[in-house]
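J.: Quick note, the sequences are listed as chains A and B, same order. Quick note: the first sequence uses the numbering used here, first residue 1, plus one each step. Quick note: the second sequence uses the numbering used here, first residue 1, plus one each step.
Warning: the hint list may mix true and false statements.
No copy labels: a pair is met if it fits in one copy or bridges any two.
List time: in silico EDC-like cross-link candidates among lysine to aspartate or glutamate, alpha-carbon distance up to 20 angstroms [as the list claims (entries may be wrong)]: (1) Lys10 with Asp45; (2) Lys59 with Glu22; (3) Lys4 with Glu73; (4) Lys53 with Glu72; (5) Lys53 with Asp15; (6) Lys19 with Asp50; (7) Lys10 with Asp50; (8) Lys10 with Glu48; (9) Lys59 with Asp15; (10) Lys40 with Asp50.
For the record, the hints were derived by calculation from the structure and aren't laboratory data.
Number of protein chains: 2
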Amino acid sequence: MKAKVHVTLKQGILDPQGKAIEHALQSLGFQSASNVRVGKYMELDLNETDRAKAEALLKQMCEKLLANTVIEEYRYELS
Amino acid sequence: MKAKVHVTLKQGILDPQGKAIEHALQSLGFQSASNVRVGKYMELDLNETDRAKAEALLKQMCEKLLANTVIEEYRYELS
């Protein structure tokens, strides 16, 4: 199965990387850009055919490694 | 308008970060995980109501700053 995972900062958590990109965009003349938030996007293969098992595995991977659940939230799609 | 941008490495480009995550997952016991590829996911607001203009702006932002088009490709959604 193919998994697509999005890891983003929780609302209210300061995003210095997003702020830096926002300022860079504006200095390049893109004044209309604002509220830039940056996260991680991962794709991976799961050698699992049972959907429920794959979802459980993916959730554990996110909780244990892919996301820092103190400041980040995650969502995933399986196909 | 709200823009969602995915920036990922082009096919064939080595992904050391993905490899590192893959090995970490496997050392945590997730043997079924493979081919991990890591990219950037960005959300931003565009102060533009005309869709065509917003798309043109977003494409320029990607080409100039958000993606290194030598090794990365990008895709975006506007809503």
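J.: Compare the structure with each hint and give your call.
T.: Okay, the hints, checked on the actual structure:
In this homomeric assembly, Lys10 and Asp45 come within 20 angstroms of each other (Cα to Cα) only across copies, at 17 angstroms, whereas the closest approach inside a single copy is 26 angstroms. Proximity of Lys59 to Glu22 under the C-alpha cut-off of 20 angstroms is restricted to the inter-copy arrangement: shortest distance 15 angstroms between copies versus 31 angstroms within a copy. Taking the closest pair of Cα atoms, Lys4 and Glu73 come within 20 angstroms of each other both inside a single copy (14 angstroms) and across two copies (16 angstroms). Taking CA atoms no more than 20 angstroms apart as the test, Lys53 paired with Glu72 passes in neither setting, with 23 angstroms inside one copy and 32 angstroms between copies.
In this homomeric assembly, Lys53 and Asp15 never come within 20 angstroms of each other (Cα to Cα): the closest approach is 34 angstroms inside a single copy and 27 angstroms across copies. When the C-alpha separation of Lys19 and Asp50 is checked against a cutoff of 20 angstroms, the pair qualifies neither within a copy, at 41 angstroms, nor between copies, at 25 angstroms. With identical chains, the CA atoms of Lys10 and Asp50 are never at most 20 angstroms apart, being 30 angstroms at best within one copy and 30 angstroms at best between copies. Taking the shortest alpha-carbon separations for Lys10 and Glu48, neither the intra-copy value of 30 angstroms nor the inter-copy value of 26 angstroms comes in at or below 20 angstroms.
In this homomeric assembly, Lys59 and Asp15 never come within 20 angstroms of each other (Cα to Cα): the closest approach is 24 angstroms inside a single copy and 23 angstroms across copies. In this assembly of identical chains, Lys40 and Asp50 lie within 20 angstroms of each other by CA distance neither inside one copy nor across copies; the values are 26 angstroms within and 29 angstroms between.
When the structure is compared with the earlier hints, violations turn up for hints 4, 5, 6, 7, 8, 9, 10 and for no others.
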